[in-house]
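Relying on the hints, combine the two individually framed chains into one complex.
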Amino acid sequence: KAGVTQTPRYLIKTRGQQVTLSCSPISGHRSVSWYQQTPGQGLQFLFEYFSETQRNKGNFPGRFSGRQFSNSRSEMNVSTLELGDSALYLCASSQGLGLAAFFGQGTRLTVV
Amino acid sequence: DQQVKQNSPSLSVQEGRISILNCDYTNSMFDYFLWYKKYPAEGPTFLISISSIKDKNEDGRFTVFLNKSAKHLSLHIVPSQPGDSAVYFCAALTTSGTYKYIFGTGTRLKVLA
Chain A
1 KAGVTQTPRY
11 LIKTRGQQVT
21 LSCSPISGHR
31 SVSWYQQTPG
41 QGLQFLFEYF
51 SETQRNKGNF
61 PGRFSGRQFS
71 NSRSEMNVST
81 LELGDSALYL
91 CASSQGLGLA
101 AFFGQGTRLT
111 VV
Chain B
113 DQQVKQNSPS
123 LSVQEGRISI
133 LNCDYTNSMF
143 DYFLWYKKYP
153 AEGPTFLISI
163 SSIKDKNEDG
173 RFTVFLNKSA
183 KHLSLHIVPS
193 QPGDSAVYFC
203 AALTTSGTYK
213 YIFGTGTRLK
223 VLA
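Going down the list, the sequences are from chains A and B.
For the first sequence, position 51 matches number 51 in the numbering used here, and the numbering has no gaps at all.
Start counting at 1 in the second sequence, then tack on 112, and there's your number in the numbering used here.
Misleading hints may appear alongside valid ones.
[Unchecked claim] The calculated lysine-lysine pairs, modelled on BS3-like cross-linking and capped at a C-alpha distance of 30 angstroms, are:
hint	chain 1	residue 1	chain 2	residue 2
1	B	K222	B	K183
2	A	K13	B	K180
3	B	K149	B	K183
4	A	K57	A	K13
5	A	K57	B	K180
6	B	K222	B	K166
7	B	K117	A	K57
8	B	K183	B	K117
9	B	K166	B	K183
10	B	K222	B	K168
11	B	K166	B	K180
12	B	K166	A	K57
13	B	K222	B	K180
14	B	K222	A	K57
15	B	K222	B	K149
In short, the hints are calculated from the structure, not lab data.
Next up, chain B with everything else stripped away, as it sits in the complex (with noise of 0.2 angstroms):
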């Protein structure tokens, strides 16, 4: 049962456009989400997260946004470089649990240069 989802194992995005990955879950107990990007042979590198407190949270060129009835966060780049093309994953957790990493299986962004 896969709690986490990332419906799309690929995407390509020409520089300087937007890059929007996403991500649906199903357990309605997960109150926290992040999102990793992943490099060959690298482990995964902590990128941003969001409370299901908030919808928003912004950093830089990242911003990720979170839409809680529909169970769906996004992670959008903007804009997007060809440094950005890695594998993202996206996680969820439930702090009033198990505090339990869920991820998903990876979206690969390719930025076109």
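Isolated chain A, as found in the complex (with noise of 0.2 angstroms):
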């Protein structure tokens, strides 16, 4: 079974641009959730999606946003990137809400 699929792994953007990044869920699984880590951060939870419904947000702001297609595939999107917007986007999955989460191998977004 293949695991969770990021694409790209590195992309690097000038600051004001905007990014998406994508997630392929494991196979069968239907709640994707986005995490960002920076260092001496941990994870920090963006928002999780199931069955193409945004169910939680963490504490980001309005320019950090992403959907869920009916293939469970799920995109975000951040838009006028910040230089402090530099850093590993995580993306999991799982096969319902609460249950354990799967990673994917992240996207190292570098803003310059």
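Given below as structure tokens:
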């Protein structure tokens, strides 16, 4: 069974641009959640989607948004990029809300 | 407000000995806890979990202990192996609310050969 796939693996953007990250969950998993990891901050929850609906949202500004498609694939969008948005963005999928999540390898975003 | 804390940023252990990683939480509503292992440039890998109705869960070399009264959980790795060297994150979840995982900041474990 294929794991969680995130694309692209690496991305360099300039301030003010926008970016879209993609996540394909494990087959059969309906819940997809997104996290931001920065040095010293651990993993900070962005949002979670289940059956195309956003169920939970973390404490991030509105520049961070996401969506989930009918095949459970999810995208995360960050608009008006700031230098502080440079981080590893991780996607995780699980069979249902609250169950153990399996992570992808992440997308390393660098904003210059 | 850090609801899940891993107060030791790093830990070094000799190969073959026990590694004990600790995690404290503040929210008594958390009822499900997980440990993840993370290598550089990779996503976290799920290791082991425990429900709040239990105080111990064991899986091979990994055992998680939960002390609800102290709001403390720990991960024991016995015996420790060099391949266990990684960053370990604990995570907490409340299944009766928003199902949001709260992660600690991680402990870097180094197992010395």
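Cross-check of the supplied hints:
1. Simply put, K222 of chain B and K183 of chain B have alpha-carbon atoms about 26 angstroms apart, close enough for the 30 angstroms limit, and the pair holds.
2. With a C-alpha separation of about 45 angstroms, the suggested pairing of K13 of chain A with K180 of chain B is violated against the 30 angstroms cut-off.
3. A threshold of 30 angstroms between alpha carbons decides the hint, and for K149 of chain B with K183 of chain B the separation of about 21 angstroms falls inside it, so the pair holds.
4. With a CA separation close to 25 angstroms, the supplied pair K57 of chain A and K13 of chain A stays within the 30 angstroms bound.
5. This hinted pair checks out: K57 of chain A and K180 of chain B have alpha carbons roughly 27 angstroms apart, not beyond 30 angstroms.
6. About 29 angstroms separates the Cα atoms of K222 of chain B and K166 of chain B, which keeps this hinted pair within 30 angstroms; it holds.
7. Using a Cα cut-off of 30 angstroms, the hinted pair K117 of chain B and K57 of chain A holds, with the two alpha carbons roughly 21 angstroms apart.
8. Among the hinted pairs, K183 of chain B with K117 of chain B is consistent with the structure: their alpha-carbon atoms are about 11 angstroms apart, no more than 30 angstroms.
9. Note on K166 of chain B and K183 of chain B: the hinted pairing holds, with a Cα-Cα distance of about 13 angstroms set against a maximum of 30 angstroms.
10. Distance check on the hinted pair: K222 of chain B and K168 of chain B sit about 24 angstroms apart at the alpha-carbon level, within 30 angstroms; holds.
11. The straight-line distance between the Cα atoms of K166 of chain B and K180 of chain B is roughly 9 angstroms, inside the 30 angstroms bound, and the hint therefore holds.
12. Among the hinted pairs, K166 of chain B with K57 of chain A is consistent with the structure: their alpha-carbon atoms are about 29 angstroms apart, no more than 30 angstroms.
13. Simply put, K222 of chain B and K180 of chain B have alpha-carbon atoms about 28 angstroms apart, close enough for the 30 angstroms limit, and the pair holds.
14. Only pairs whose Cα atoms come within 30 angstroms are accepted, and K222 of chain B paired with K57 of chain A is rejected, the gap being roughly 34 angstroms.
15. Restraint check for K222 of chain B and K149 of chain B: satisfied, since their Cα atoms lie roughly 12 angstroms apart, inside the 30 angstroms limit.
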